[in-house]
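Taken in sequence, the protein lines are chains H and B.
Take any residue in the first sequence, count from 1 to its spot, add 326: that is its number in this note's numbering.
Take any residue in the second sequence, count from 1 to its spot, add 326: that is its number in this note's numbering.
It is possible that part of the hints are untrue.
Intra- or inter-copy, both count: the list cannot distinguish identical chains.
Below are the DSSO-like pairs computed for lysine-lysine, each with C-alpha atoms no more than 30 Å apart in a straight line [stated by the list, open to error]:
no. : residue 1 : residue 2
1   : Lys-511   : Lys-395
2   : Lys-404   : Lys-511
3   : Lys-537   : Lys-395
4   : Lys-404   : Lys-448
5   : Lys-511   : Lys-403
6   : Lys-380   : Lys-404
7   : Lys-403   : Lys-448
8   : Lys-448   : Lys-395
9   : Lys-511   : Lys-448
10  : Lys-537   : Lys-590
11  : Lys-403   : Lys-380
12  : Lys-537   : Lys-511
Since the hints were made in silico from the structure, they are not lab data.
2 protein chains.
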Amino acid sequence: MRIVVDAMGSDGQPEPDVAGGVAAAREFGDEIILVGDEGQIERQLAQHDVSGLKVRVQHASEAISMTDKPSEASRQKKDSSMHVGLNLVRDGEGDAFVSAGNTGAILAVAMLHTLRRIRGIKRPALGVMFPIAGHPMLIDNGANADVRPEQLLQFAQMGSLYVERVRGVQRPRVALISNGEEEGKGNALIQESVVLLAQSGLNYVGNVEPKEFVRGETDVGVTDGFTGNIIMKTAEAIAATMSDLIRQELTASPISALGGLLAKPAFERVRRRLNPDEVGGAPLLGVNGVVIIAHGRSNAYAIKQAVGQARLAVQHDVVAAIRDGVAAG
Amino acid sequence: MRIVVDAMGSDGQPEPDVAGGVAAAREFGDEIILVGDEGQIERQLAQHDVSGLKVRVQHASEAISMTDKPSEASRQKKDSSMHVGLNLVRDGEGDAFVSAGNTGAILAVAMLHTLRRIRGIKRPALGVMFPIAGHPMLIDNGANADVRPEQLLQFAQMGSLYVERVRGVQRPRVALISNGEEEGKGNALIQESVVLLAQSGLNYVGNVEPKEFVRGETDVGVTDGFTGNIIMKTAEAIAATMSDLIRQELTASPISALGGLLAKPAFERVRRRLNPDEVGGAPLLGVNGVVIIAHGRSNAYAIKQAVGQARLAVQHDVVAAIRDGVAAG
Chain H
327 MRIVVDAMGS
337 DGQPEPDVAG
347 GVAAAREFGD
357 EIILVGDEGQ
367 IERQLAQHDV
377 SGLKVRVQHA
387 SEAISMTDKP
397 SEASRQKKDS
407 SMHVGLNLVR
417 DGEGDAFVSA
427 GNTGAILAVA
437 MLHTLRRIRG
447 IKRPALGVMF
457 PIAGHPMLID
467 NGANADVRPE
477 QLLQFAQMGS
487 LYVERVRGVQ
497 RPRVALISNG
507 EEEGKGNALI
517 QESVVLLAQS
527 GLNYVGNVEP
537 KEFVRGETDV
547 GVTDGFTGNI
557 IMKTAEAIAA
567 TMSDLIRQEL
577 TASPISALGG
587 LLAKPAFERV
597 RRRLNPDEVG
607 GAPLLGVNGV
617 VIIAHGRSNA
627 YAIKQAVGQA
637 RLAVQHDVVA
647 AIRDGVAAG
Chain B
327 MRIVVDAMGS
337 DGQPEPDVAG
347 GVAAAREFGD
357 EIILVGDEGQ
367 IERQLAQHDV
377 SGLKVRVQHA
387 SEAISMTDKP
397 SEASRQKKDS
407 SMHVGLNLVR
417 DGEGDAFVSA
427 GNTGAILAVA
437 MLHTLRRIRG
447 IKRPALGVMF
457 PIAGHPMLID
467 NGANADVRPE
477 QLLQFAQMGS
487 LYVERVRGVQ
497 RPRVALISNG
507 EEEGKGNALI
517 QESVVLLAQS
527 GLNYVGNVEP
537 KEFVRGETDV
547 GVTDGFTGNI
557 IMKTAEAIAA
567 TMSDLIRQEL
577 TASPISALGG
587 LLAKPAFERV
597 RRRLNPDEVG
607 GAPLLGVNGV
617 VIIAHGRSNA
627 YAIKQAVGQA
637 RLAVQHDVVA
647 AIRDGVAAG
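Isolated chain H, as found in the complex:
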């Protein structure tokens, strides 16, 4: 397998991106194609022992940064690492593309300029594995701010298929995320989508509130990209705020500071259980190729995990499954 890794993606690029790619080559034995500025990548590679590993470099003269405007950058920087990397996948020279770069730009480059969407798929969607018990998928997480019910239905179908294939969950439970489980709750979009989901043949278990989603009472939580992104960002904000408050209060007295010290391994385990790096990036579903988007703050471990996610998506032939099972239906 050949996995293309965007070396110019993460906030700390190219260091974690290259290190993660090398770690993936070592762990999985696959060929890793690092895309980006050749000189910078080679300098990073010099820090690693890559003997025996299948790592190669593909030069790209431009890079899209986190502060670039997605629509402009995707049109103007035609030789960006994203364009070059995604074209390798389009042309069959790579099996998947992994990037920790500007999400909006990856979406734009993949959907509008390189891979393009699978015929019959109305809108590709970003499916994030939520870093809590069971890692339910939240789809869409920001590719589409405004959607119609038929699009939500496809998100549900693609999410269900991914979870079934890649995670091996039989007939994944699918739910719409709403502000209440009762009939009549939800906005107009939810109320219209309920009908489509109920007739979809999916294992639709109704609507769930964020509480039930977080408890893992569904395998796939379906939502528009605006709401999905707000959920993700609220969750991150609250987790960070609680951590800060606990740290503040623990240092407020010597006794609680001692308590905090003794409990440190426990806190470390909590942190690890909520660590988004574990889940290995979010698949962009509905385009003609495997694309996995990792967090901008990714370290090498997170990049390696994202490559792991990409491998699974390739192995289980998710793109063909969506082409045959969703787009054709």
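Following the hints, position chain B against chain H.
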């Protein structure tokens, strides 16, 4: 001042509702009118020393429960404690109504059957003080699942006015909650509302992500009721999940359990700082009277705090201010 308290509201009614009303009468010296089943209320009152307090009972033969459907119950149970209590306010026999009951039912009874909306207000909205540093207001928090930009503008105006009057914040910072601060982010509703907010004369500081809202970078966060409710419920779910995980991991080894014991006062302070009871209930803005909705899980303290919030809204004549400043404008 005469504050009407729904004795049949909370999950544990009538005990916390009556106890909270009595505590408010004692702390504030106001007249508290407890509305609900006379026999049940009297039995609860017998547990308290109410000598010297201005507490009286107003019988209501029905009660709307948490599982009642708001639209049906508000039409059918015309002698519910909500109807009776809100009519006291409508008729000038009470200055404010406080309830920890079924939020949807309070909205329906207030807006459609008793107080009704202020002329010129398109949609009343629920403004929740978010239990984090600075207690920014999130408006709307569930009264309106689908809204138009002109409605969001009024939510912003009502929220700003409330925070300015009741909390004494000069020219409160007002922001739209979005999935990104950059221009072009947000769904269609947000993008159309930006124009209205910018021309509103409010202290509009742009769009904020949940992260900035939680950090207190705005005084009023404006959103549709669906998204607002999802934010609130996600925040509650993540806080609860983290607490559970920490508890689990602390008990996983004797040393971290000892650490947890020593750090207990620190955790207690964190819990208190994030306690929604402190903020004292959410005002329903845009109806002809002061209505404060407390959490269904309210204890007596939370009910008392909600009465405190109601007193402030009455003292600062928020209803007249909305009538003159928002509806007339």
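Now the hints, each set against the structure:
1. Lys-511 x Lys-395: Between copies only: 10 Å across, 36 Å inside.
2. Lys-404 x Lys-511: between (45 Å within a copy, 23 Å between copies)
3. Lys-537 x Lys-395: This pair counts as between: shortest inter-copy Cα distance 21 Å, intra-copy 34 Å.
4. Lys-404 x Lys-448: within (25 Å within a copy, 48 Å between copies)
5. Lys-511 x Lys-403: For Lys-511 and Lys-403, only the inter-copy Cα distance (21 Å) is at most 30 Å; the intra-copy one is 45 Å.
6. Lys-380 x Lys-404: For Lys-380 and Lys-404, the Cα distance is within 30 Å only inside one copy (27 Å; across copies 75 Å).
7. Lys-403 x Lys-448: within (26 Å within a copy, 46 Å between copies)
8. Lys-448 x Lys-395: Classified as within; 24 Å inside a copy, 36 Å across copies.
9. Lys-511 x Lys-448: So Lys-511 and Lys-448 pass the 30 Å test inside a copy (26 Å) and across (21 Å) alike.
10. Lys-537 x Lys-590: Cα proximity of Lys-537 and Lys-590: in one copy and across copies (27 Å, 26 Å).
11. Lys-403 x Lys-380: within (28 Å within a copy, 73 Å between copies)
12. Lys-537 x Lys-511: The answer is both: 15 Å in one copy and 27 Å across copies each meet 30 Å.
Going through the hint list in order, the structure satisfies each hint without exception.
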